[in-house]
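S.K.: These are the residues of each chain, in order.
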Amino acid sequence: MELDSTMLARILTGITLGFHIIFAALGVGIPLVISIAEFIGIRKKDKQYTLMARRWTRGYVVTVAVGVVTGTCIGLQLNLLWPSFMQLAGEVIALPLFLETFAFFFEAIFLGIYIYTWDRFKNPYIHWLISIPVVVGSTASAFFIMTVNAFMNTPQGFTMVDGVLRDIQPLGAMFNPATHSKVGHMVFSTYSTAAFTLAAIAAMSLIKGKKHSYHKKALHFTLTLAFIFSMGTALYGDIAGKFLAKYQPAKLAAAEWHFDTKGEAELILGGVLNKETQEVKYAIEIPYALSILATNKPSGEVIGLNDIPKSEWPPLFIHYLFDSMVAIGSYMILVPVLYFAIVKIRKRKPKKWILWATVAGSPLAFLAIELGWVFAEIGRQPWILVGYMKTSHAATTADNVGQMLILFLLLYAFLGIFCSGVLLKMFRDKPVEIELEKYGKEE
Amino acid sequence: MSLEILGITVLWFFLYGYLIVASIDFGAGFFAYYSRRTKTDHLVNNIIQRYLSPVWEVTNVFLVFFLVGLIGFFPSSAYYYGTALLVPGSIALVLLSLRGAFYAFAHYGARDSISYYGIYGITGLLLPATLSLVLVVSEGGFIVEEGNKVILLMGKLLSTPYTYAVIFLALVSVLFISATFLTFYANKANDKGATTLLHSYAMIWALPTILASLLVFWTIRGHNPDHFAKMVDNSWFFIASFLFFAVAAFLLYKRKGYGWAFVCVMLQFFFAFFGYGKAHLPFILYPYITVTEGINSPQMMKALLIGFIAGLCLLIPSLILLMRLFLFDAKYVQGKK
Numbered sequence: 003m004e005l006d007s008t009m010l011a012r013i014l015t016g017i018t019l020g021f022h023i024i025f026a027a028l029g030v031g032i033p034l035v036i037s038i039a040e041f042i043g044i045r046k047k048d049k050q051y052t053l054m055a056r057r058w059t060r061g062y063v064v065t066v067a068v069g070v071v072t073g074t075c076i077g078l079q080l081n082l083l084w085p086s087f088m089q090l091a092g093e094v095i096a097l098p099l100f101l102e103t104f105a106f107f108f109e110a111i112f113l114g115i116y117i118y119t120w121d122r123f124k125n126p127y128i129h130w131l132i133s134i135p136v137v138v139g140s141t142a143s144a145f146f147i148m149t150v151n152a153f154m155n156t157p158q159g160f161t162m163v164d165g166v167l168r169d170i171q172p173l174g175a176m177f178n179p180a181t182h183s184k185v186g187h188m189v190f191s192t193y194s195t196a197a198f199t200l201a202a203i204a205a206m207s208l209i210k211g212k213k214h215s216y217h218k219k220a221l222h223f224t225l226t227l228a229f230i231f232s233m234g235t236a237l238y239g240d241i242a243g244k245f246l247a248k249y250q251p252a253k254l255a256a257a258e259w260h261f262d263t264k265g266e267a268e269l270i271l272g273g274v275l276n277k278e279t280q281e282v283k284y285a286i287e288i289p290y291a292l293s294i295l296a297t298n299k300p301s302g303e304v305i306g307l308n309d310i311p312k313s314e315w316p317p318l319f320i321h322y323l324f325d326s327m328v329a330i331g332s333y334m335i336l337v338p339v340l341y342f343a344i345v346k347i348r349k350r351k352p353k354k355w356i357l358w359a360t361v362a363g364s365p366l367a368f369l370a371i372e373l374g375w376v377f378a379e380i381g382r383q384p385w386i387l388v389g390y391m392k393t394s395h396a397a398t399t400a401d402n403v404g405q406m407l408i409l410f411l412l413l414y415a416f417l418g419i420f421c422s423g424v425l426l427k428m429f430r431d432k433p434v435e436i437e438l439e440k441y442g443k444e445e
Numbered sequence: 002m003s004l005e006i007l008g009i010t011v012l013w014f015f016l017y018g019y020l021i022v023a024s025i026d027f028g029a030g031f032f033a034y035y036s037r038r039t040k041t042d043h044l045v046n047n048i049i050q051r052y053l054s055p056v057w058e059v060t061n062v063f064l065v066f067f068l069v070g071l072i073g074f075f076p077s078s079a080y081y082y083g084t085a086l087l088v089p090g091s092i093a094l095v096l097l098s099l100r101g102a103f104y105a106f107a108h109y110g111a112r113d114s115i116s117y118y119g120i121y122g123i124t125g126l127l128l129p130a131t132l133s134l135v136l137v138v139s140e141g142g143f144i145v146e147e148g149n150k151v152i153l154l155m156g157k158l159l160s161t162p163y164t165y166a167v168i169f170l171a172l173v174s175v176l177f178i179s180a181t182f183l184t185f186y187a188n189k190a191n192d193k194g195a196t197t198l199l200h201s202y203a204m205i206w207a208l209p210t211i212l213a214s215l216l217v218f219w220t221i222r223g224h225n226p227d228h229f230a231k232m233v234d235n236s237w238f239f240i241a242s243f244l245f246f247a248v249a250a251f252l253l254y255k256r257k258g259y260g261w262a263f264v265c266v267m268l269q270f271f272f273a274f275f276g277y278g279k280a281h282l283p284f285i286l287y288p289y290i291t292v293t294e295g296i297n298s299p300q301m302m303k304a305l306l307i308g309f310i311a312g313l314c315l316l317i318p319s320l321i322l323l324m325r326l327f328l329f330d331a332k333y334v335q336g337k338k
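Protein chains in written order, with this note's numbering: chain H, 3 to 445; chain L, 2 to 338.
In short, the hints are calculated from the structure, not lab data.
Nothing here was measured: the structure is a model prediction, and the numbers come from that model.
Positions of the beta carbon are idealized from the N, C-alpha and C atoms, including for glycine.
Heads up, some of the hints might be wrong.
Calculated lysine-lysine pairs in the DSS-like style (CA-CA distance at most 30 Å, straight line) [stated by the list, open to error]:
1. H:218 x H:392
2. H:392 x L:150
3. L:40 x H:47
4. H:218 x H:346
5. H:392 x H:219
6. L:40 x H:427
7. H:440 x L:150
8. H:213 x H:349
Partial selection, computed: residues in chain L whose CB lies under 10 Å from chain H [what the hints assert, rightly or not]:
9. 62
10. 72
11. 94
12. 274
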């Protein structure tokens, strides 16, 4: 690996996105969970749900702040680190980038209103209504930004004349073949990550021996949502697999170490690859599964890497990223199922091990998002705009990229440490019991 | 009006919007920190927080909006500015990130620490200085193109008097705009102590603002005579700007009509900013990029403008709602809600 400015720009972009996505995932997912909790609180006249919404909002604002600033960083770094790419494609992705900012604007305005109007309206539904634009805004910005990424994977909606993109069809570029599966998979995974993170907090409180019914209720509620959203993520993962088979066979074949084009293809889990002989050892093989994933038919033909020029092969280690992502995704469905099996069917109190499994679900969910992203992004190397522009032609020609990399590394380390410290302190100082009592008196 | 001119005009409006809201924000952050250092925070910090908390995120979006719009309408500006401004751009980003994050840590995280305020206040003053460098660079003379490399002449940038005139103007305007607004806000809250203190800040920064403007005129004449000549052709903008400044200063001096004083300050900067912008045309980056070398495809131009208008239809009512709830709601301003 040579540390030229292209490589350094890739590392810096990767680190910024990797850091941003933690806060972005919470930023998209948590408002939905908060909004549902507030609604249930009003419907059932149950103060505990309202308190959940209030407490989560307080923590949420801190994560939003970091999300906003790191989002600004990646937005500008796109121009600072990839000026040639922006000059070529800037015109086509201008519309979704623009609309994304609008959605963000909309969210920012109503989030400000939401936070500062808790006790302002007589009718509680009015305050709840304000959460809707926050949910719509955050999910819409995820949607628009994902269309940009989808465009980079399957560019369309223009013709290339003398190295310039002309005849641009703005909507054609936005709604490209990758859009549906990418948006769906991303949005559902942020929802389930957010639900799991809030579930982990509730589970941790129960582990620490807190007895208040608030925590049990919160765990029950968030794990229900986590199950629904994780199922949605899995469903869209399947759609994304079929998309890859059709439009980016190189990515799917590299992810599955699938070398020879054939039908009745098996899915490979784990294992060790011998690159020379293309043999896989120590792997679990599931017959027909890859054909089913790719084409919905056990006999379906799946294109192998040997039919693709070697210069366009993605790195083969993405197999492990893909497998780990899928494994964590399955875990995120299994944990809620086991929890409800214990609590609902066997009518038992949740055992310690299932609480710990829930706590582990949150960091694992973030890990899955990171792995999925790295897989999707590295899987389309060597292209930045698949079929049109190679990554090495897009990076800045400026010096000093290395120093900037160090500068931003320090910034993110600093923000990460401070943000965790502030969040921990915030909730340690205000236990649920005291807050509930306070609300009781206000009535 | 051609589509390009329409595009840059709309963008200029957004940049002007950012100039006003960000100035209030930057200045307020600095005053909050300064008043803590001088132990006068009990007087003003309530007022400042009451205003800033619901709106700080919105301020940030104005800037992103302008940048995204600029790249959208004029993609080649991404190439030149993007390559040349890697270092100053990254520094501005780091400052912006620290500032935003520490605002949230200090205010929502309930950690009342003076060092948090310090980071917030000082980055707030460094930012206008860094951001205004982009306007300096746009005057030309600081970027050279060698083969496929675009290079920013940092040494030249830091040894030109015009650079310092612009930075000086940015700093004093931030403090002046902010103090005028906060005086109005404090007065609305019936908070006498805060009004007096903030009023004194506004008075202190009034004169330097106008001196700095003159200094910018004087130095731009030496740096980019073409632009200066066009500014002279459009001199009525600057005369109007000065008149509004005079009215604002008079109202502040007489301690009445703080609301109108702030409106006059807004108009003062509106005319100066648009006069400067109009004279800058047709160049976006002198002499490399003009507005006519903008977007290639008319469909995208139309889509962007439709997007803009649709977005504004959504934004303007929301912003009005935000202002009615937090700016023009007497009970909220006075701390009763």
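S.K.: Indicate, hint by hint, whether the structure satisfies it.
M.R.: Going down the list of hints, with the structure as the test:
{"no.": "1", "hint": "H:218 x H:392", "in the structure": "52 Å, violated"}
{"no.": "2", "hint": "H:392 x L:150", "in the structure": "18 Å, holds"}
{"no.": "3", "hint": "L:40 x H:47", "in the structure": "45 Å, violated"}
{"no.": "4", "hint": "H:218 x H:346", "in the structure": "13 Å, holds"}
{"no.": "5", "hint": "H:392 x H:219", "in the structure": "51 Å, violated"}
{"no.": "6", "hint": "L:40 x H:427", "in the structure": "26 Å, holds"}
{"no.": "7", "hint": "H:440 x L:150", "in the structure": "64 Å, violated"}
{"no.": "8", "hint": "H:213 x H:349", "in the structure": "18 Å, holds"}
{"no.": "9", "hint": "62", "in the structure": "5 Å, holds"}
{"no.": "10", "hint": "72", "in the structure": "5 Å, holds"}
{"no.": "11", "hint": "94", "in the structure": "5 Å, holds"}
{"no.": "12", "hint": "274", "in the structure": "21 Å, violated"}
In summary, the structure is inconsistent with hints 1, 3, 5, 7 and 12 from the numbered list given earlier, while agreeing with the others.
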